[in-house]
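There are 2 protein chains.
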Amino acid sequence: MRRPGAACARIGPVSAPLSTGLDPLIAARLKRDAAGLVTAVVQRHDNGEVLMVAWMNDAALARTLATGEATYWSRSRQELWVKGETSGHRQAVRSVALDCDGDALLIRVDQTGPACHTGSPTCFTDVLRPKPVERTG
Amino acid sequence: MRRPGAACARIGPVSAPLSTGLDPLIAARLKRDAAGLVTAVVQRHDNGEVLMVAWMNDAALARTLATGEATYWSRSRQELWVKGETSGHRQAVRSVALDCDGDALLIRVDQTGPACHTGSPTCFTDVLRPKPVERTG
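Protein chains in written order, with numbering that gives the first Met the number 0: chain A, 0 to 136; chain B, 0 to 136.
Calculated from the structure, these hints are not laboratory results. Treat the hints loosely; a few may be bogus.
A pair counts as met if it fits within one copy or between any two copies, since identical chains are not told apart.
[As the list claims (entries may be wrong)] Simulated pairs of lysine to any residue, SDA-like, Cα-Cα distance not exceeding 20 Å:
1. LYS30 x ALA91
2. LYS30 x THR19
3. LYS30 x ASN46
4. LYS30 x THR124
5. LYS30 x TRP54
6. LYS30 x ARG89
7. LYS30 x GLY47
8. LYS30 x ARG74
9. LYS30 x ARG128
10. LYS30 x SER73
11. LYS30 x ASP125
12. LYS30 x ARG76
13. LYS30 x CYS99
14. LYS30 x LEU127
Okay, chain A solo, but in the shape it has when bound (with noise of 0.2 Å):
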């Protein structure tokens, strides 16, 4: 119920919401960049493959903690971002864990598809110094 006298909130846009649904104690112990943001690391919880990274702000984490469908913030397009609406390649979110600066999440997840907008399985193709031929004996 309203509070007599409370000024009526205007529903802002996602972009800028005026409450991220962030729960306050995790709120408390993000360090955000300068743009708002943590980076996102985001693994296969199957088989540990390190399928992305991507952005968070407050509201795409709130969203991913809330329906554990993993939500980004699209940096190039300025707004929200849950993995997969349009492609099908969706990401259920089985755990996130934050990191000792604060300022790096690591989503483990359950991937339908590809996670790569290349069709890739992985967005980590580009092998710049592969793995060195083992010598046994």
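We have chain A already, so just place chain B on it with the hints.
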């Protein structure tokens, strides 16, 4: 041998090298942020654990590729940082891969000791959303 008449180049600090030593073909594929950095995701080679996120400039990547010792750019100290140089918790690089956008690297390593400065094996210890209980049947 120095070419006669060539200007005698002063040896600059590692933070502002005259040449980074990075292969120009690799340098051309990098998409750096405003600070000249790309994201480096570090993963254990043997068990797939994601250990940490760090940052690399061209010189850090060049040194990593040339020496096989993971070397980052310390944003707090503004200098090259050979991982484990003081702690002994070094990272022997097994492979380096660039992502489809050219702005993130996946560094797979053999980790000596804990990766995190807190003494934890990984920096991602602060679980925000635990793995949900699985139901079968």
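### Identical-chain pair category, LYS30 with ASP125, by Cα at 20 Å
For LYS30 and ASP125, the Cα distance is within 20 Å only across copies (14 Å; inside one copy 30 Å).
### Query
Checking LYS30 and ASN46: alpha-carbon separation at most 20 Å within a copy, between copies, both or neither?
neither (29 Å within a copy, 28 Å between copies)
### Message
Please sort LYS30 with ARG128 into within, between, both or neither, judging by C-alpha distance up to 20 Å.
### Response
between (32 Å within a copy, 18 Å between copies)
### Task
Indicate which option fits the pair LYS30, CYS99 if close means a Cα-Cα distance not exceeding 20 Å: within, between, both or neither.
within (10 Å within a copy, 26 Å between copies)
### Message
Please sort LYS30 with ARG74 into within, between, both or neither, judging by C-alpha distance up to 20 Å.
### Response
both (18 Å within a copy, 14 Å between copies)
### Query
How would you classify LYS30 and SER73 at a CA-CA limit of 20 Å: within, between, both, or neither?
both (18 Å within a copy, 16 Å between copies)
### Task
Go through the copies and call it for LYS30 and GLY47: within, between, both or neither, with a Cα cutoff of 20 Å.
neither (26 Å within a copy, 26 Å between copies)
### Task
Could you place LYS30 and THR124 in one of the four classes (within, between, both, neither) given a Cα distance threshold of 20 Å?
between (29 Å within a copy, 16 Å between copies)
### Identical-chain pair category, LYS30 with ALA91, by Cα at 20 Å
neither (25 Å within a copy, 29 Å between copies)
### Task
Check LYS30 against ARG76 for me: Cα-Cα at most 20 Å, and say if that holds within a copy, between copies, both or neither.
between (23 Å within a copy, 17 Å between copies)
### Task
Have a look at LYS30 and ARG89 and pick one of within, between, both or neither, based on CA distance no larger than 20 Å.
Answer is neither: 27 Å inside a copy and 26 Å across each miss the 20 Å cutoff.
### Task
Have a look at LYS30 and THR19 and pick one of within, between, both or neither, based on CA distance no larger than 20 Å.
within (16 Å within a copy, 30 Å between copies)
When held up to the earlier numbered hints, the structure conflicts with 1, 3, 6 and 7 and fits the remainder.
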